[in-house]
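K.L.:
All chains should be built: construct the whole structure from the sequences, respecting the hints.
Residue numbers (the working numbering), protein chains in the order written: chain L, 1 to 442; chain G, 1 to 473; chain F, 1 to 430.
Certain hints may be false.
Unchecked claim - Pair ranges (Cβ atoms, derived):
#, chain 1, residue 1, chain 2, residue 2, range
1, G, GLU409, L, GLY344, 25 to 33 angstroms
2, G, GLU409, F, VAL428, 53 to 61 angstroms
3, F, MET323, G, ASP118, 31 to 39 angstroms
4, F, TYR318, L, LEU114, 58 to 66 angstroms
5, F, GLU97, G, GLY72, 35 to 43 angstroms
6, L, ALA237, G, ARG108, 42 to 50 angstroms
7, L, ARG437, F, ARG324, 52 to 60 angstroms
8, F, ARG368, L, LEU225, 53 to 61 angstroms
9, G, VAL291, L, ARG437, 17 to 25 angstroms
10, G, ARG418, F, HIS44, 52 to 60 angstroms
11, G, GLY72, F, ALA321, 33 to 41 angstroms
12, G, PHE319, F, VAL414, 53 to 61 angstroms
13, G, PHE319, F, MET323, 21 to 29 angstroms
To be verified - Here are the simulated DSS-like cross-link-like pairs (lysine-lysine), alpha carbons at most 27 angstroms apart as the crow flies:
#, chain 1, residue 1, chain 2, residue 2
14, F, LYS281, G, LYS401
15, F, LYS175, G, LYS156
16, G, LYS401, F, LYS305
17, F, LYS180, F, LYS281
18, F, LYS190, F, LYS281
19, F, LYS307, G, LYS89
20, F, LYS203, F, LYS192
21, F, LYS189, F, LYS203
22, F, LYS281, G, LYS156
23, G, LYS156, F, LYS305
24, F, LYS305, F, LYS172
25, G, LYS178, G, LYS249
Hints in this document: simulated from the structure, not taken from any laboratory.
Even glycine gets a Cβ: it sits at the ideal position worked out from N, Cα and C.
If you want the building blocks of each chain, they are given just below.
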Amino acid sequence: MVSPVASAAQRESGRSTSSASTRLVAAALAACCAAACTASGPRSERSSAAASPQARGEIRALAEGEQGFAIVAGKVLTADERDQVFEPGLVVVRDRCIDYVGPLVELPEGYERLDAPELFAAPGMIDLHSHVQSGGWGDLNDMVISLNPEFRSSPTLVPGNESVRRACAGGITTLFGIPGSGTNNGGFGVLYKTRCESTYDGCVLADPGGMKVAQAYNPERGADLGATRAGMAWNLARANEIALAANRDGRDHFALRNLQKVHTKELPLLIHTAGPACHTTIDMWGERYPVRAVLSHGCFNGWRFAPYAAQVGMPMNLGPRTFDWFSSREGQVIGTPQRYEQAGAALISVNTDAPVMPQEELALQGAMGARLGASSYLMLKACTYNPAKSFGLEDKVGSLSPGRHADIVLWRGDPLDPRARVERVWIEGRLEYDRERDGQRF
Amino acid sequence: MRSAAWLFALAPLLAGDVFAQEGGGEPPAGGEGDAAGADAPKDEGEWFAVVGGDVYTGTGAVLRGATVLARGGVIREIGHEVEIPEDAKRLDATGLSVYPGLVALNVRGVANRLGAGDYADSFDPYSQNLVLALAAGITTVSEGSVALKLKRGEVKGVVMRERFLSTLGYSTSAPRSKGELDEKFAAAAAYLRRYRDWEEQKKTNKELKEPPARGVDPSIRAILENRTLARFNATTRTDLLGIARLAQKHKFRPVIEGAVEAWTVADELGRAGAYAVVVPRSRRDKSEELVRPGGSSIENAAILHKSGVQVAIQASSTFIDLGGIAGRDILHLPIEAGFAVRGGLPEQAALEGITIVPARILGVDHRVGSLEVGKDCDLILLDGDLLHYQSLVQYTVVDGKLVYEKDKELYYAHIRPRPSTQPADAPEARRDKGEEEVKASDSEGEDKPEDKPEEKPEEKPEEKPSDGASDEG
Amino acid sequence: MLLRTFLSSLLPVALAASALAAPADLLAIRVGRAETVSHGAIEHAVLLIEDGRIVTIGADLPVERGIPVLERPEWTVMPGLVLPYSRLGLDGRAGAEFTPEVSPAAEVLPRISDYRDALELGITTIGLYPPGNGVPGQAIAIRPKGDTLEEMLIKEGAYLKVYFRADARSKKMVKDAWAKVDEYDDKVKKAKEKWTKDQEKSKSAKKPAEGEKKDEEKPADKPAEKSGDAGKGAAKGFVPPPPDDKVRPFLRVRDGKLLPLVSISQAADWAHWLDAIGERKFDFALRVVMQRELDLYYVLEEVAKRKCTLVMEPEITYQIATMRQRNLPAEFAAAGSRIVLIPRGEDLDSHAAWRVDVGDLVKNGLERKTALDALTLAGASVMGLEKDYGSLEKGKVANLLFLDGDPFEPATKVMAVMLDGEFVHGEVRQ
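P.N.:
Listed below in structure tokens is the structure:
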């Protein structure tokens with residue numbers, strides 16, 4: 001074990017890698033104790049409503065043929081609904097799911113145990129705005145007609161491509177691979193895991209995972225109906241009305257089948273919008289067509305509509321821009337996550353819009369939000385629980401919680417800190433990345 | 001001058017036998033730099049004291065609660081028992097971390113010229129980018145072939161050194177240039193041998209004529225005489241290897257920019273005494289046909305450092321980006337250095353990679369790049385660890401003058417204002433749980449005063465536990 | 001002269017001279033309010049005008065019978081507007097030459113309507129500057145009325161226009177100009193040495209002359225003969241060699257006789273200007289070219305420390321890259337600088353809106369008394385005319401602007417204009 005406070009000599013020398021990182025984690029652990037007794041640090045398991053076995057501090061023995069392992073980490077950031085932090089903490093995985101998260105308890109036999117007192121365990125991160133499913137810039141939009149609700153991104157998916165592998169090494173385990181913003185409605189994206197060696201079926205979480213709409217800037221380009229925001233609004237409204245009518249009549253409209261599911265709230269919707277168009281977006285998809293919409297980008301001076309977004313309760317998926325300078329012309333470097341946080345916006349998440357930002361740098365997006373004024377814990381949630389919740393996936397991914405996918409990342413320090421490298425990543429209980437085994441990919 | 005040599009001795013250096021002289025950045029006697037006259041400690045000028053901060057000198061030392069005292073823009077004393085003259089301007093650094101001003105290589109659009117002519121005639125000492133760079137902790141930059149001090153409101157003494165680097169082309173894709181370069185070095189070396197012989201023989205035979213310098217490339221000669229450094233831009237393993245061999249053969253220290261695949265030939269570069277200018281996050285996929293290591297690696301800086309290469313860190317983009325993307329431009333140089341740490345570079349080496357190493361590459365390390373007596377008083381004060389993502393520069397001092405004060409300028413004043421400038425219950429002065437304290441306690445924070453009110457992050461109603469177990473904010 | 005002495009002796013009893021004593025051209029004007037600029041506002045003011053000048057001004061002064069009185073209690077009077085920086089009526093163009101000796105006088109075309117229009121708006125003094133971006137020459141001060149240039153001309157060499165930008169060319173021009181001054185000084189010094197030596201020679205030869213050193217070092221800008229002949233020179237004292245035409249203006253600058261008005265457009269220009277002039281001590285004023293975004297707020301204190309007057313348009317500008325408005329004239333004034341506000345353009349509309357534009361700055365924080373000064377006395381001062389122009393004071397030229405209300409209110413109209421004691425505009429019947 002590492003002593004809670006590194007000696008001054010160690011701090012000051014900083015000569016070796018190990019002393020530097022040890023210092024960081026040791027300090028972090030010490031800080032965590034402080035957090036525990038003040039803010040909402042680790043909570044007693046008795047506060048848990050469900051009287052699960054883990055509430056009694058028991059872990060089931062593995063049944064015949066069951067696989068399981070346990071991680072003892074210096075600090076476990078669950079990022080769950082109750083913002084639990086355990087330090088040290090125990091995460092137990094059985095088969096593909098998490099079975100136990102909490103303080104250290106005795107392990108029944110059969111579990112492989114990994115001791116990582118110097119590491120942080122956190123849920124795999126989620127990026128809802130990503131275009132690297134094909135491995136690069138290709139296959140983004142059809143670019144012929146502006147409305148393509150019949151399309152899906154899933155045929156463009158190349159499982160385990162280079163971007164995906166690096167993303168995995170950056171602690172990102174779930175991606176929403178979506179069409180580009182070149183057309184008004186690009187179609188439906190695919191939710192998939194960043195498994196490094198995988199078949200299509202082995203990595204896809206949901207197809208279609210949700211719809212993609214673009215309402216400002218990129219799709220305004222002439223050629224077809226919908227060259228203006230007015231035209232786009234009409235296009236979208238018309239398609240919505242046809243889909244809604246089909247839903248009322250109980251018809252299955254071949255081309256609008258998935259759009260119909262958006263209106264029945266079976267599928268979520270991610271909207272590319274920014275600047276003043278944020279208002280149009282919130283009005284259309286938050287009030288006139290109340291679907292499960294997530295506003296994406298929200299950049300430039302879109303933050304001016306943060307109170308409106310908060311009032312409507314629309315989840316915000318911010319990035320790749322994390323600050324505004326030019327649009328507001330206030331002379332301030334305005335951290336957009338901070339403004340949305342201040343306005344009380346629901347469910348703030350961040351994105352990379354990869355490959356606009358490298359996919360593996362999602363955590364940096366959170367760090368930059370925190371640098372420019374948002375709270376760092378919110379930014380951790382913005383990479384984990386909040387995007388999951390925004391898309392209705394919180395029972396599967398985005399937090400370390402019993403019953404959820406065993407998508408677990410071991411970090412050498414604060415996950416938001418660029419200095420903290422990822423040591424191991426499990427996706428659904430399988431070790432997908434091991435820095436020592438695979439070499440450091442990021 | 002003395003301090004520069006001493007620093008050099010500290011730097012890890014393998015195969016040091018290549019170098020007869022020490023101090024890569026030491027200006028030549030009667031050199032071309034205009035800096036030579038400005039570096040002697042002055043016995044005049046205003047006193048300036050930075051009092052009570054944790055001083056990271058950049059040479060490896062940390063003095064907690066120490067004072068840096070300067071006069072006329074030059075550091076006179078650093079320590080705990082520093083007597084501060086009555087008339088000294090004081091800057092209270094209590095609770096802050098003090099670092100040397102950062103040195104950013106190859107930037108664009110920071111030190112702007114407004115019209116035709118050189119910096120002395122048209123430098124814009126009030127430009128927005130200049131202030132933003134100071135706000136990012138950068139006090140020295142190189143633009144083009146010029147090393148510049150980021151002075152604010154002053155137009156004198158901006159240029160620290162010109163054309164210290166001599167750019168050479170070397171590429172395996174142009175084999176002829178490769179051969180020619182080798183010949184040029186050989187010719188220049190032969191000439192220098194003749195010249196030295198002549199100098200020796202002249203002592204006895206005054207009639208002897210100086211050997212003709214015809215056909216000798218003056219820039220190569222300057223490199224071999226250590227008046228300038230040779231700069232290469234090379235990415236691939238083969239080019240890097242070629243440069244390393246060339247440098248070993250002709251005994252000069254190359255500065256290699258790009259250096260993406262340098263980690264694959266780190267030993268050779270170490271033997272050549274190379275400087276590498278790396279962007280830790282630069283990406284280059286390995287060619288799929290190759291079996292041997294190749295492509296970019298996040299461990300590049302760390303591996304080079306371990307092999308004795310002096311590593312300077314450059315940001316992903318070379319300009320100031322106000323378009324909304326954070327974390328990649330020169331305003332985030334320490335963040336970039338953080339990625340080198342991620343790849344295994346020790347934090348001290350990461351700090352040197354954005355301070356003293358680039359200063360050496362520019363030949364200005366006798367003036368900037370670390371906090372030492374006799375050097376320019378260029379320093380920055382942060383509210384935490386320089387490499388932490390939430391640390392912001394609170395004050396920047398150049399030549400012993402306060403040139404940036406976060407809470408008094410629009411740019412970042414609204415972000416985590418310091419308690420002294422904002423009532424403690426201000427809404428923005430919130431404290432995060434969890435990770436932010438990593439930073440706080442990293443700087444001996446166990447006894448840190450609770451200057452920020454306890455406040456937990458906003459939770460949406462639906463996320464609140466129904467049993468009322470949540471803490472009240 | 002006699003008349004004035006006579007009048008001033010009467011003044012203690014405040015215009016109580018007998019009707020007989022009142023000369024025919026005396027005129028008393030009683031108005032509701034007078035903005036004197038120099039001494040604040042006077043309610044119920046009475047002005048006595050004689051021989052083109054203000055003889056006296058005061059509140060509720062009794063006027064002796066016999067002196068014609070213009071009763072206008074609903075009017076406000078203020079000094080005629082002084083526009084020191086203008087190209088009104090001129091259309092010459094020039095490049096970026098160094099021609100400090102040039103005057104725009106040759107360009108002036110008397111009797112054109114531009115001047116009459118200006119006069120009817122209350123603009124009674126105008127400074128015309130030569131065109132060009134280098135050091136294009138010296139401004140002249142004119143009254144906007146007259147059939148000939150001579151009638152219009154008030155002063156030549158009102159100021160020296162210098163166009164300065166942070167670039168090599170501007171800096172070289174300034175440095176070269178001063179180098180020429182040094183060169184000339186050196187030449188004078190050498191000539192003096194030679195003259196002294198020659199004197200001593202002739203002294204030893206002849207009897208020493210009396211008082212020969214009395215008036216040595218005459219002002220260098222006066223054309224003088226070369227003191228080649230020692231014998232002749234001895235009789236007159238040392239006469240320095242005449243300076244070159246391009247050097248003479250800078251000698252006047254050095255001696256405080258000619259004020260450079262230096263045009264800058266951003267803070268960097270200021271920094272480089274200071275760098276270019278180095279340690280030399282001389283007075284100068286600044287012409288600030290107002291742009292939408294202006295960063296001169298960085299140098300407020302430095303400029304104030306140098307005590308230079310600024311000539312600028314009454315405009316609200318923006319902090320660089322922001323929508324944050326800045327009232328730079330007010331900020332400069334608050335920092336301690338004197339400001340001159342000039343119309344935003346050379347056209348009639350801009351001249352007509354001048355007072356109201358200044359009024360906008362007053363509504364945004366500029367002090368009213370500063371604003372009045374900026375329209376009148378400060379401008380006169382830049383041209384070295386403050387002794388005779390720019391305020392309502394005893395002895396000053398009677399250039400008066402009569403308004404039917406507050407000078408800064410948009411609805412206020414010009415009722416009459418007096419130039420050199422004569423009404424040149426307005427329906428004025430006693």
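K.L.:
Each of the hints needs a verdict: does it hold here or not?
P.N.:
Consistency of the hints with the structure:
no.: 1; hint: G:GLU409 / L:GLY344: 25 to 33 angstroms; in the structure: holds (28 angstroms)
no.: 2; hint: G:GLU409 / F:VAL428: 53 to 61 angstroms; in the structure: holds (57 angstroms)
no.: 3; hint: F:MET323 / G:ASP118: 31 to 39 angstroms; in the structure: holds (35 angstroms)
no.: 4; hint: F:TYR318 / L:LEU114: 58 to 66 angstroms; in the structure: holds (59 angstroms)
no.: 5; hint: F:GLU97 / G:GLY72: 35 to 43 angstroms; in the structure: holds (41 angstroms)
no.: 6; hint: L:ALA237 / G:ARG108: 42 to 50 angstroms; in the structure: holds (46 angstroms)
no.: 7; hint: L:ARG437 / F:ARG324: 52 to 60 angstroms; in the structure: holds (55 angstroms)
no.: 8; hint: F:ARG368 / L:LEU225: 53 to 61 angstroms; in the structure: holds (59 angstroms)
no.: 9; hint: G:VAL291 / L:ARG437: 17 to 25 angstroms; in the structure: holds (19 angstroms)
no.: 10; hint: G:ARG418 / F:HIS44: 52 to 60 angstroms; in the structure: holds (57 angstroms)
no.: 11; hint: G:GLY72 / F:ALA321: 33 to 41 angstroms; in the structure: holds (34 angstroms)
no.: 12; hint: G:PHE319 / F:VAL414: 53 to 61 angstroms; in the structure: holds (54 angstroms)
no.: 13; hint: G:PHE319 / F:MET323: 21 to 29 angstroms; in the structure: holds (24 angstroms)
no.: 14; hint: F:LYS281 / G:LYS401; in the structure: holds (25 angstroms)
no.: 15; hint: F:LYS175 / G:LYS156; in the structure: holds (16 angstroms)
no.: 16; hint: G:LYS401 / F:LYS305; in the structure: holds (19 angstroms)
no.: 17; hint: F:LYS180 / F:LYS281; in the structure: holds (16 angstroms)
no.: 18; hint: F:LYS190 / F:LYS281; in the structure: holds (24 angstroms)
no.: 19; hint: F:LYS307 / G:LYS89; in the structure: holds (26 angstroms)
no.: 20; hint: F:LYS203 / F:LYS192; in the structure: holds (16 angstroms)
no.: 21; hint: F:LYS189 / F:LYS203; in the structure: holds (20 angstroms)
no.: 22; hint: F:LYS281 / G:LYS156; in the structure: holds (19 angstroms)
no.: 23; hint: G:LYS156 / F:LYS305; in the structure: holds (20 angstroms)
no.: 24; hint: F:LYS305 / F:LYS172; in the structure: holds (25 angstroms)
no.: 25; hint: G:LYS178 / G:LYS249; in the structure: holds (14 angstroms)
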